[in-house]
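K.L.:
Sequence:
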Amino acid sequence: MSTSTPTATGAVATAPADPVVSASPDAAAWAAWHADREDGLRPPHGWLSLVAYHALPAEPAALPGVPGLWWADADGAHHRADEGGAVRTTGSAVGTVVVAEGGSTLAGTFLPDGRDAGDPSDGGETREVAVEVVRRTGRYAVRVRDPLAPARTAFDGVPTFAYDPAWVVDAPVRWYDAPRPVVVGAARPGLVHHVRTVGEVDLVVERDGARRGATLALTGAPGGAVTLLFSDEADGVAPWRVLRVDADAVPGTAGSVRLDLNRAVNLPYAFSDFGTCPAPVEGNHVPFAVTAGERAPR
Numbered sequence: 038m039s040t041s042t043p044t045a046t047g048a049v050a051t052a053p054a055d056p057v058v059s060a061s062p063d064a065a066a067w068a069a070w071h072a073d074r075e076d077g078l079r080p081p082h083g084w085l086s087l088v089a090y091h092a093l094p095a096e097p098a099a100l101p102g103v104p105g106l107w108w109a110d111a112d113g114a115h116h117r118a119d120e121g122g123a124v125r126t127t128g129s130a131v132g133t134v135v136v137a138e139g140g141s142t143l144a145g146t147f148l149p150d151g152r153d154a155g156d157p158s159d160g161g162e163t164r165e166v167a168v169e170v171v172r173r174t175g176r177y178a179v180r181v182r183d184p185l186a187p188a189r190t191a192f193d194g195v196p197t198f199a200y201d202p203a204w205v206v207d208a209p210v211r212w213y214d215a216p217r218p219v220v221v222g223a224a225r226p227g228l229v230h231h232v233r234t235v236g237e238v239d240l241v242v243e244r245d246g247a248r249r250g251a252t253l254a255l256t257g258a259p260g261g262a263v264t265l266l267f268s269d270e271a272d273g274v275a276p277w278r279v280l281r282v283d284a285d286a287v288p289g290t291a292g293s294v295r296l297d298l299n300r301a302v303n304l305p306y307a308f309s310d311f312g313t314c315p316a317p318v319e320g321n322h323v324p325f326a327v328t329a330g331e332r333a334p335r
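Going by this note's numbering, the first residue of the sequence shown is number 38, and it counts up by one from there.
Since the hints were made in silico from the structure, they are not lab data. Where hints are given, some of them may not hold.
Quick list of simulated restraints, FRET-style, between CB atoms [unchecked claim]:
1. Gly121 x Gly292: 26 to 32 angstroms
2. Arg176 x Ala258: 21 to 27 angstroms
3. Thr126 x Pro202: 47 to 53 angstroms
4. Asp112 x Thr290: 43 to 49 angstroms
5. Pro288 x Asp119: 51 to 57 angstroms
Even for Gly, the Cβ is constructed at its ideal location relative to N, Cα and C.
Between the sequences and the hints, there should be enough to build the whole structure, so can you do that?
P.N.:
This is the structure in structure tokens:
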């Protein structure tokens, strides 16, 4: 495990080598929050349902396991029925779908041959497969969401480190005068994301008798959600995780933000091979183990 000297003076949190299991109100609040977080992953067409990602060709072509023909051009993503059927929305075959860069939309659904549709109106879950059209790095693709995906049917929760109050850190923050555009990588090779950094925060902890820290970039938009994407040296975690920062970016100011690293979560890419999530800004690596938050789910 490497060490570094903090670039700025800040509040120091003592992080013990082993997580602390606590029955405090804060621990109970964290447990309730994480239960809600897990519930948010469970919908039939949620992040656990991803089973395929297909880049769309320039000419009409069949996609494995998806009805109809698909292609993309400057006017959008296109679909038409073939002898195998079609993906449908409100009873009609999906036609042309236009999505902004970085965006996505559920274009329609289909029922695989031989599968019972289920009866959502009677309290059951849909068993239809959803087709999502996405646009990444200027290219259209189709992502398939199947409620019977193994990742969803076998899901019994996301592993975590035990709640540890030592990982709740009040950290100095400096908000930039204006957002700074940055191009970052993605979980899927060959893709990039255009993000904006809005400030930087000094994460400082004392561990094993040594003071260690890192200055990390925050992404987001003034007045909008602020997030911290980071990697670290912990074993058994995803290559990078994300923490939502409960603060507003106020351009040109400095202050302090509370980072509750117990609430660091996995991005969708950690649950399947079909996520396109943005990578952290270059340099957003914590040079020690952050033994808090979610562990790798697979």
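K.L.:
None of the hints should be skipped; say for each whether it holds.
P.N.:
Comparing the hints with the structure gives:
The given range of 26 to 32 angstroms is broken by glycine 121 and glycine 292, whose C-beta atoms sit roughly 58 angstroms from each other. The beta-carbon spacing between arginine 176 and alanine 258, approximately 25 angstroms, falls within the hinted interval of 21 to 27 angstroms. Here the CB-CB span from threonine 126 to proline 202 is close to 48 angstroms, well matched to the stated 47 to 53 angstroms. Distance hint for aspartate 112 and threonine 290: a CB-CB separation of about 44 angstroms, consistent with the stated range 43 to 49 angstroms.
Here the CB-CB span from proline 288 to aspartate 119 is close to 53 angstroms, well matched to the stated 51 to 57 angstroms.
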